[in-house]
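Protein chains: 2
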Amino acid sequence: MVRWEPGAAERLQKAALELFATRGFEQTTATEIAQSVGLTERTFFRHFSDKREVLFYGQHLLVQAFLAGVDTAPPGASPIEIVASALRSGASFFPDERRPYSRTRQSVIDQNPALKERERHKLAGLATTLADALRARGVDELAATLAAQAGVTVFGIAFAQWIREDEQRSLADIAAEVLRELLTLTARATASGRGPQ
Amino acid sequence: MVRWEPGAAERLQKAALELFATRGFEQTTATEIAQSVGLTERTFFRHFSDKREVLFYGQHLLVQAFLAGVDTAPPGASPIEIVASALRSGASFFPDERRPYSRTRQSVIDQNPALKERERHKLAGLATTLADALRARGVDELAATLAAQAGVTVFGIAFAQWIREDEQRSLADIAAEVLRELLTLTARATASGRGPQ
Chain A
13 MVRWEPGAAE RLQKAALELF ATRGFEQTTA TEIAQSVGLT ERTFFRHFSD
63 KREVLFYGQH LLVQAFLAGV DTAPPGASPI EIVASALRSG ASFFPDERRP
113 YSRTRQSVID QNPALKERER HKLAGLATTL ADALRARGVD ELAATLAAQA
163 GVTVFGIAFA QWIREDEQRS LADIAAEVLR ELLTLTARAT ASGRGPQ
Chain B
13 MVRWEPGAAE RLQKAALELF ATRGFEQTTA TEIAQSVGLT ERTFFRHFSD
63 KREVLFYGQH LLVQAFLAGV DTAPPGASPI EIVASALRSG ASFFPDERRP
113 YSRTRQSVID QNPALKERER HKLAGLATTL ADALRARGVD ELAATLAAQA
163 GVTVFGIAFA QWIREDEQRS LADIAAEVLR ELLTLTARAT ASGRGPQ
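In order, the protein sequence lines correspond to chains A and B.
Counting from 13, one number per residue, gives the positions in the first sequence under my numbering.
Counting from 13, one number per residue, gives the positions in the second sequence under my numbering.
Chain A with its partners taken away, still in its complex shape (with noise of 0.2 Å):
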């Protein structure tokens, strides 16, 4: 009989990374998180489908907040502005006070390879769902795609910034200051006339 343990994927999930931050990923086992908050392996890997997948929990939330912000842009919005509500509603998945645990997380990330690649898999993921939904609004395939993939690198910039050290802005204000400043960028080869050949 499995016995439902309420709250316990986000009781590993914190224990998790106390272990991957202070050990080392490589240096912990899934038996050794769920031990050290009285729950067995058994119940881990309930949860997650391996050790690498308790930094990625709830990650399908943050998609649906992109989602969310795509759905909420008002009708006629151009790609970039649909991108940029769905930046707007993605970083209210990161509220303030989660940064302590963000950059703790963003350092376990950085110094494992594998985690690595997860991260820009899963990063990936987010891109073809964010280019889905756009087509889904009519954008036509290429805007869609490029659109997509210009929110999900402002995104990933925005973020790296949001968990350093100094950093007081939210992460919606430093996104929508990215944002801008890849639109400044763009207008600059457009309007130079010699632009891309």
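Think of the hints as simulated: they come from the structure by calculation, not from any bench.
No experiment lies behind these values; they were computed from the predicted model shown.
Among the clues, some could well be false.
One copy or two, either will do: identical chains are not told apart, so a pair holds if it fits within one copy or between any two.
[Stated by the list, open to error] Mimicking DSBU-like on lysine-lysine, the simulated pairs with C-alpha atoms at most 30 Å apart in a straight line are:
#1 K134 <-> K63
#2 K63 <-> K26
#3 K63 <-> K128
Position chain B relative to chain A; hints supplied.
Below, chain B without anything else, positioned relative to chain A:
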């Protein structure tokens, strides 16, 4: 004594791709690849650190082609114009006669998650190197990262289009068109006045 096999890496790469495409990546060993062109496993591992790497042989030349394009961009070129120059130069690495090879190679990569991961890793490395080169030209941190990421995104989308069965245009032409589409997209967001908040 190590005997130098002229062109061994290229022969191994060609043989590997053929075996991967017909038998599958997982089902092919380094020994089989080596034996199929009359070489030893030892020779294989003198050239490639692992079986995955054989598909990415020569990628430093692609990176160099991008960097050459950064160097030849005129003084005063904007970041996106420098990236456009890098894309033209990078695209020259894929002449039309290479298309069938690239097509087969991509179908092998797309069928194997580990190879997809390695590919994402290589593209991430290209973006980092390109951003460094932009910074070395005096482009500021954020603009360099954004422009380099945009360049790699454009390259990835253009490449996927270039290897489609019915595609006739050169990679350079497709890349220029994808970049123009990105500029059009961002210009629309700026021009609407609503823009990203």
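Each hint, compared with the structure:
Proximity of K134 and K63 under a CA criterion of 30 Å is satisfied in both settings, with 15 Å inside one chain copy and 24 Å between copies. For a Cα distance limit of 30 Å, the shortest separation of K63 from K26 inside one copy, 13 Å, qualifies, whereas the shortest one across copies, 37 Å, does not. Taking the closest pair of Cα atoms, K63 and K128 come within 30 Å of each other both inside a single copy (14 Å) and across two copies (21 Å).
The structure shown violates none of the earlier numbered hints.
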